[in-house]
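Visitor: Keeping the supplied structure of chain G fixed, place chain P upon it in accordance with the hints.
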Amino acid sequence: MTNSLPSVTIVRRIKASPAKVWAAITQPKLMMQWWGPDAGPTLRAEADVRPGGRFSVVFRLLNGDEHNPTGIYQEVVPEKKLVFTWEAPGMPERESLVTFLLEPFDGGTRLTLLHEHLPDEARESHAAGWNGLLDKLPIFLGVTEWAS
Amino acid sequence: MTKAILRYMVKYQASRMDRTFSALADPTRRAVLLRLKDKPGLSVSELARPFSLKLPGMMKHLDVLSDAGLITRSKTGRTVSVNLSVRPMREAMEWLKRYESLWTISIDRLVALVEKDSE
Chain G
1 MTNSLPSVTI
11 VRRIKASPAK
21 VWAAITQPKL
31 MMQWWGPDAG
41 PTLRAEADVR
51 PGGRFSVVFR
61 LLNGDEHNPT
71 GIYQEVVPEK
81 KLVFTWEAPG
91 MPERESLVTF
101 LLEPFDGGTR
111 LTLLHEHLPD
121 EARESHAAGW
131 NGLLDKLPIF
141 LGVTEWAS
Chain P
1 MTKAILRYMV
11 KYQASRMDRT
21 FSALADPTRR
31 AVLLRLKDKP
41 GLSVSELARP
51 FSLKLPGMMK
61 HLDVLSDAGL
71 ITRSKTGRTV
81 SVNLSVRPMR
91 EAMEWLKRYE
101 SLWTISIDRL
111 VALVEKDSE
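These protein sequence lines are chains G and P, in that order. Heads up, the first sequence is in my numbering, so the first residue is 1 and it goes up one at a time. Heads up, the second sequence is in my numbering, so the first residue is 1 and it goes up one at a time.
The following block holds chain G by itself, in its conformation from the complex:
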């Protein structure tokens, strides 16, 4: 019965090529320049961008709290699709999944970001090797600000 766990979806049309957007989401040097939920600094970014490679970002919020989400890349299709697991130590939740989808659009890029909870069955198939997980997961929308 875990077929409707919460997830967040954001779609943006960007006036920059998929190649450029891809670089920004996969190169640590560029990731450092945008990652984080407020004007606090991004302190560290690691991205071993290949299936099984590790992802780690450290950012500090304006209230001084530091967060270090980490994960493992699951799917890497350059300039099209990037999927990684997401674990945030100290936050009351289990592993979730983040997907960036890039599509050429009107000379630019249509970016879809999906951050979704992993239901139990999906976690099992995750352990076994990630088969067709994304298609199964529905979408919920949420609102407002980072819990301060």
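Keep in mind that the hints were calculated from the coordinates and are not lab data. Since the structure is predicted, the reported quantities are computational estimates derived from the model, not experimental observations. Ideal Cβ placement from N, Cα and C applies to all residues, glycine included. Among the clues, some could well be false.
Said to hold, decoys possible - One-sided and incomplete, this derived list gives chain G residues near chain P with beta-carbon spacing under 8 Å:
1. I10
2. A24
3. W35
4. Y73
Guide: For chain P alone, coordinates are given in the frame of chain G:
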């Protein structure tokens, strides 16, 4: 010691949140919650009526909502009255809030970064 307790609490909260969202995944159960919001304390048969559900069917839905901590039931004589319990839903909303905000702001900054270089 403290760490183990914390880990346990984290785990416990996570599985409770899963139950919340599973419970909310059904349109009948969501409708029940909405009705209870307007009319706290409805009886089981009053709840079942608009859904043309038999009592056992409604009881099943109420069991799921109750396991998720979304409702409480209390018995007065032969009548069971049902009430909303908001805490689990609040926790689920926290998850959404946190990530909606993280991504909205981060993606805004990402867009600004790549569009600046493209001009």
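Visitor: Are the hints correct? Go through all of them and say.
Guide: Going through the hints against the structure:
no.: 1; hint: I10; in the structure: 5 Å, holds
no.: 2; hint: A24; in the structure: 5 Å, holds
no.: 3; hint: W35; in the structure: 6 Å, holds
no.: 4; hint: Y73; in the structure: 18 Å, violated
Of the numbered hints given earlier, the model fails hint 4 alone.
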